[in-house]
Amino acid sequence: MAKASNEDKLNLLVDAIGEVNGYAIRESVAGSREMKDYNRTKWGLRASALALVAVIGMTTLLMPKKGGAVVGPEPGADGANVYADTASVGNEDEKVEFAPGEAELTLKSETWLFTSYSTYEVFVRDTLRNIGWDYFDASYTLYPNTLSGSYEEGYWMLVLASADKCDENGIKTGAHINVLYKDYVGASSPYVATDEEPAEVLLEKFSDEKYDEIVEKYGLDKGLTDVDENAVLHGEFGVDPVVCNKEEKCACGVDYEIISHAVSEDLLTYAAVFECSQGKCPNSSYDDDVDVLIRTYKYEKKEKTDSVDVLGIVSGKVYDIVPEKDMLDLAKEYLGEEISGATFTYYPGTLDENTPDGPVMYAGIHVDGGAAELLAKLHLSATWESEIVEQFTSDEYDKIAEKYGLSDGSGTVTVSCDGCEPLDISFDGAKGRDVKCLECGGEYKLLSHGVADDGVTYAAVYKCENEHEGDHGRVIVLIQKYGRSTDGNEFVEDVNGDGK
Amino acid sequence: MDDAEKEQKQTKKRPALSDAEIVALYRKRYESAISETETKYGRLLYSVAYSILGSREDAEECVNDTYVRAWESVAFDDPDNLSAYLCRITRNLAIDMYRRGRSRAETATDAMDELADVVGSVDSDTMTDRVALTNAINRFFMSLPPKKRMIFMRRYFYMNSTKEIAKMLTTTDGAVRVTLHGLRKKLREYLEGEGIVYDTKKGK
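So the protein lines, in turn, are chains A and B.
All letters in the first sequence, in the order written, are residues 1 to 500 by the numbering used here.
All letters in the second sequence, in the order written, are residues 1 to 204 by the numbering used here.
Since the hints were derived computationally from the structure, they do not count as laboratory data.
Where a beta carbon is used, it is the ideal one built from N, C-alpha and C, also for glycine.
One thing to keep in mind: the hints can contain errors.
Said to hold, decoys possible - Label pairs and their computed distance ranges (CB to CB): (1) B:V68 - A:G219: 43 to 51 Å; (2) A:G132 - B:R130: 52 to 60 Å; (3) B:D96 - A:G219: 36 to 44 Å; (4) A:D212 - B:E189: 17 to 25 Å; (5) B:V68 - A:G22: 16 to 24 Å; (6) A:N169 - B:E57: 51 to 59 Å; (7) B:E189 - A:G174: 37 to 45 Å; (8) B:D117 - A:R129: 33 to 41 Å.
Stated by the list, open to error - In silico BS3-like pairs for lysine-lysine, Cα to Cα no more than 25 Å straight-line: (9) A:K217 - B:K186; (10) B:K147 - B:K163; (11) B:K40 - A:K217.
Work out the full structure, taking the sequences as your base and the hints as a guide.
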């Protein structure tokens, strides 16, 4: 992008607006006339309103705003659950981000709360009388984006009355004033109008010139005020506010019309201001009903029943097993004759930690190139000595293998938990390299490894890379249990086998 | 009553031609196309020019220039909506005159100042080309509810004052200004989101 002066940029913007599509231009010409007609019937005071003020008098002032008459469903009756595409909850410091499908948006409460133009009118009249205005013409702007409070304690929002002073014939004199009110709108609110405490609190009287200051001071433009009536609310709630509101009818059975609606700053409260589409509801004793719908949504994190975040070692142990030298002695003793050498095959897949004698596994001893085949039962606990349990020939190997389950097992642990899909973890023995020889600190090399019958216990046999004087090399068995958990902090890795 | 008077009276009584009929006159290069345009849209175009220029003479000159421009281009462009087409010409001609300093309506100057907020500070970098910006603004406009779109157009296309807009919509000046404040902020955010305008202090 090329650098441009501020004037250049402004000119670009002004020109671009000048090239806006014809629809917007045409609409703005035709629409302003239609809107004027529309608003003439919808907003502001009717000609009769001035007279109405005198009639209503203090009766309305002291009247609770429609009392407790709740229109529409009872609180919580809907109970609908909707899902958020993305959402965040909490203040800036502790914001929790939810991914699609992880968060559930629950309709917490629902109620209809209300006031009426005529009620506002009375408050405005009393305010303006104090500055010497006996007659006036006012229109009202409600700011649902300023909604604050709670369902339990009641809500309030800001309402602006813009009033023109009139003479006794209703002719405007040219004097103009704005009056900002804090309007407690909760039917369940402790601030419902009473003899002692009016429902509205006067905040400011100000001229048009001060308007920007007021906007900033009271946050009249805060929140998300531009909720498109035809769009999904804020793009996040998954609720079309129009659809919601159209489900509701005025007490007279006629649809409501939305005047304005917005989402409060916490993003969880949606407020809509609307009125009976008939204008004055024939069933109401009030003139020009204005109802406020407040829906409060609450995000709740879904239970983790179908997925697991963390996977790892639940526990780990390292056992010294009989050295190769001792294995030779064992074979020699069993055979009763001198042997020159042997090779060993460890079967970690035969690991059984729960025998009365403690953990055991089997190892094959291939004596003198096949002169004898022995099967040793290796006790991993130091309190038991290993023993030869079978002698067989090479031809009998399959039978022995079947009898003792000599498959060395796969290198894969399949872990699962209630309600979740099993997950395979493959090993290449690399984990064992984290274990150093307890005697010399040397690296261990993997001899064999396998998974016990329980499916979650992985055993690996390692031999130190260094020759150890007298025992032909140190051999260990590393046993690790793997599991799945929603809380990764509970895993314990006790690779030293000392329980610490 | 002589024939000329009769003809004049008949002309006054005759309803305005449809847009299609006027466009057809332009295509056929009949000079009556301009008089018909003036009859139907003269006042509208004058009001558009006057809102920006604030001078009767300059507004009239601007409208006359619009007719000249229309004479040159209508047959070629074949506009779907003649009023919007003419309004755009008038508005942009008036903006050109405004920039040349011929005359400036106070409300237009105020509107320009407000729009300056949208494009950012002196330290900001620039915007992309006009076509991209126009497309983005069109998308932004169409995302707005009709009433807000109208308020924005009235203020920044026609350069009407907030009081005039409030009167058109039978609402308050304050309510219009609040809406415009929100719309400018939203437009700024939208253009930033589209990567069309950004503040180098904030980064892109």
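Against the structure, the hints come out as follows:
no.: 1; hint: B:V68 - A:G219: 43 to 51 Å; result: holds (50 Å)
no.: 2; hint: A:G132 - B:R130: 52 to 60 Å; result: holds (54 Å)
no.: 3; hint: B:D96 - A:G219: 36 to 44 Å; result: holds (39 Å)
no.: 4; hint: A:D212 - B:E189: 17 to 25 Å; result: holds (19 Å)
no.: 5; hint: B:V68 - A:G22: 16 to 24 Å; result: holds (21 Å)
no.: 6; hint: A:N169 - B:E57: 51 to 59 Å; result: violated (40 Å)
no.: 7; hint: B:E189 - A:G174: 37 to 45 Å; result: holds (38 Å)
no.: 8; hint: B:D117 - A:R129: 33 to 41 Å; result: holds (39 Å)
no.: 9; hint: A:K217 - B:K186; result: holds (19 Å)
no.: 10; hint: B:K147 - B:K163; result: holds (16 Å)
no.: 11; hint: B:K40 - A:K217; result: violated (47 Å)
In this structure, the earlier hints numbered 6 and 11 are contradicted, and the remaining ones agree with it.
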